[in-house]
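Enquirer: Here is what each chain is made of, one letter per residue.
Number of protein chains: 2
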Amino acid sequence: VQDEPVTLPIHYDPEKIVPVDYFKPAAVAVIGASDDKTKMGYAAFHNLLQFTGPVYPVNNTREEIQGRKCYPSISAIPGHVDMVVLTIPAKFVPSTIEECGQKGVKMAVIITAGFKEMNEEGRALEAKVVEIARKYGVRIVGPNCLGLILPPYKLDTTYVAASPLPGDIAFISQSGAMANAVVGMSLTKGQELGFSEVVSVGNQCDLDYLDYLGYAANDPHTKSIILYVEEIKNGVAFMEMAREITKKKPIIAIKAGSSKRGQAAAASHTGSLSGAYEVYMEAFRKCGVIAVTTVPEAFQCAKIMGALKKPLYGKRAVVITNAGGFAVLSNDYAERRGIDIVDIPEHLIKEMDTFLPEFWNRNNPVDLLGDADEARFRGVLDVLTREENETLWDIAVIITFPNKVLSPEQVGQVLIDYQKKSENLVVGSFIGGDCLQPGVDLAREHDIPVFDELEFVYRTLGLMTKNIIRK
Amino acid sequence: VQDEPVTLPIHYDPEKIVPVDYFKPAAVAVIGASDDKTKMGYAAFHNLLQFTGPVYPVNNTREEIQGRKCYPSISAIPGHVDMVVLTIPAKFVPSTIEECGQKGVKMAVIITAGFKEMNEEGRALEAKVVEIARKYGVRIVGPNCLGLILPPYKLDTTYVAASPLPGDIAFISQSGAMANAVVGMSLTKGQELGFSEVVSVGNQCDLDYLDYLGYAANDPHTKSIILYVEEIKNGVAFMEMAREITKKKPIIAIKAGSSKRGQAAAASHTGSLSGAYEVYMEAFRKCGVIAVTTVPEAFQCAKIMGALKKPLYGKRAVVITNAGGFAVLSNDYAERRGIDIVDIPEHLIKEMDTFLPEFWNRNNPVDLLGDADEARFRGVLDVLTREENETLWDIAVIITFPNKVLSPEQVGQVLIDYQKKSENLVVGSFIGGDCLQPGVDLAREHDIPVFDELEFVYRTLGLMTKNIIRK
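From first to last, the protein sequence lines are chains V and C.
Counted the way my numbering counts, the first sequence spans residues 1 to 471.
Counted the way my numbering counts, the second sequence spans residues 472 to 942.
Since the hints were derived computationally from the structure, they do not count as laboratory data.
One or more hints might be untrue.
Claimed, not checked - Here chain C is said to cover these stretches of chain V; the calculated rule only asks that three of the stretch's residues, wherever they fall, bring their Cβ under 8 Å from a Cβ of chain C:
id	segment
1	171-180
2	184-196
3	289-295
4	315-325
5	335-344
6	407-420
What the hints assert, rightly or not - Here are the computed lysine-lysine pairs in the DSS-like style, where the Cα-Cα straight-line distance is at most 27 Å:
id	chain 1	residue 1	chain 2	residue 2
7	V	LYS16	V	LYS233
8	C	LYS660	V	LYS404
9	V	LYS466	C	LYS731
Here a beta-carbon is modelled for each residue, glycine too, at the ideal position from N, C-alpha and C.
For reference, chain V alone in the conformation it holds in the complex (with noise of 0.2 Å):
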């Protein structure tokens, strides 16, 4: 399967993104509803019955689907639709975007598969569904994807096993697995996340990234991006938009094909060569784009960069824990990825003095001591978030584990009393399984970043941070 030659350098024009109202649609079809759970038809319609407004199984060889009243064409439909779901075969979806658009459907959502990414048949196939869809405006998410989901409309035209919850994520991906994989894992009992948007790309044949990324920008409920992203066809135009998103949404992209070999299956994969992966690590990094490599960094990122209440424009962290071994794990993790822990100026470390216990440690990471309640934290936090003393730091860490002396509901409080104080970041890391959940609980519900694992708080830090110039 060989590549399109390279083509003149697109430019980024917003005219050219598609209208918003082209995700909201009033009716939805799915053409290849079925009830046999084992097809997608099945799944997609499914999750299709959460949508406010008609949605219609479509399908020549039923009289009803799942309870809904079944069309044997889209054309045999009395009402108006706005939007169908594409589960036929691929040799059929030509005509049948035909019918769409003698219909006045504004966008199909194409799952199927055996497009470009097979072979050449199936380009031309594609280049013929792209063609028929130009004549009558039909916009065209896919082929080969495992669809659209905008929870907060309960709209969901995939088949995952089960939609995503609302939330002020957007996440597009290049990889149907991915994306599908992604719901899953946000769907994890004590961790959930939430989405704004979830999108696989698949073949792009009409829609693109720059389309979705356009759709997350502008969209109300979207507070920050995530991209995976095997590659960008549209280089130019993708960092010119990336650049304008930045300045109010952050964009973190997982971008796989680093390995010599990753990029040979990607190839494979998607039909198209990956570019040099440094190549994108220098584009990201020039319009403002968090370049991560796992999707939990992804997710970590987005969520507490979604909440910031102000840029983050440093690096620097105090740290607070009452366990002197992750006092020194805490060193070891930020030196390693680029996190400063500052050191506390004397008159600072005096104040302190007066209230915590002879032996604490005078210095940052501040060790509370295994015996240290509350107050030890709230009077360290006290100095530290007083108005002249937030320009010495960027980011407070508050760790704790589990003891007798100091319940996880009592951090979590902590955390939510300073996080309401400071215009700075404040995360929490709870070590120690399920017996903290109460306190993860408590401050997921006030929308503070919480961590199961000490090495992911500095990780993630580094990441958010590294676009950061030090001073």
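We have chain V; now place chain C onto it with these hints.
Expert: Just chain C, lined up with the frame of chain V:
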């Protein structure tokens, strides 16, 4: 607080390791047992109630504690006592150890803090305790520690919130908080881990790393050993001993204090300077100890290495997945972590061609495509685990995600069957949250390593194999 002067190297002498029977008391007393749930003496006695032999609370202000007859002193206990746990204030410890010596106690677990780690006075107190203990042959765990847990013997002398499960990992920690956190983490639902020994070494005034290592090395329950190390004093003896042990059981070490700032913090925490990190790394490598930086890495390495059918002699991986994106990322992560994703010989590719769909990628990672059923996985694994092909690779990584064609249970069964068939290491990666848990559970029941995050697969494998010299 000044450290002792440097002494001559002490060589490893098996005769000097505390005999195993010191860890196997017939009867235990808690001196400082309490009915007040906020006290360490409450939890320490509470956790001992599960012990199969007699347990006695000692407290001169109570008649009864937690439903058991309470004794005013150790000497007042009518029966024999082998082991005592001390939660009384530091100043009472010397006289109590004297009394324990007279009673014939063999081992005292001194949880109490306020000794060497505090100040010169504490150091003198500790020296006095050691002197008295030596006089009577009482051996000491601690002081200033969480205590000792031997789950297979239902012996828990610590004040952890919930006792860990019995299992085959020994965890020896220089931080009480770390031991406490690790026990908590080991009880995380769906990811439970069991221990043969958990000990927080405290000030090591008598028993030290070598003694606890000796226990783990000789203990039939222990399959692998994890150390959390801030500083090892008798480094030569440690290396000599570790070199012997790692021939039979893996030792994994989390070494804290790699940063300059961390080394200073460790000095404040334990009252002694951490050695240069690089010296430790080189020493670990020389004696076959696996150095890691985080607790999850340590756990995963310990679990996998403890269950190996044969030692890992190489780092050649075959990767089989139904997700193209995870094939790409596998290459990235593997390359970054030093795992070799090897080429599959042409004749085997041709053989796989006979049963795989036309558009499979003919490469390693083997991308079986999103519609892959169990048969495709089994077909590829049948080829790779055929006796003459087992020498082509060391590790098989099977990756799945939530999809309609292949249930997590099916992947779990594939893992079970081919782990049974192969002498090589087989690991599973279930990427997609709770909905894959049935497959995870199935694999875990058969001691097959499973991961819920892909980068962690290769990070762990990289750590496990980094001491292996590439061929």
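Enquirer: Look at each hint and say if it fits the structure.
Expert: Hint by hint, here is what the structure shows:
{"no.": "1", "hint": "171-180", "result": "holds (count 7)"}
{"no.": "2", "hint": "184-196", "result": "holds (count 6)"}
{"no.": "3", "hint": "289-295", "result": "holds (count 3)"}
{"no.": "4", "hint": "315-325", "result": "holds (count 4)"}
{"no.": "5", "hint": "335-344", "result": "holds (count 3)"}
{"no.": "6", "hint": "407-420", "result": "violated (count 0)"}
{"no.": "7", "hint": "V:LYS16 / V:LYS233", "result": "holds, 16 Å"}
{"no.": "8", "hint": "C:LYS660 / V:LYS404", "result": "holds, 22 Å"}
{"no.": "9", "hint": "V:LYS466 / C:LYS731", "result": "holds, 21 Å"}
When the structure is compared with the earlier hints, a violation turns up for hint 6 alone.
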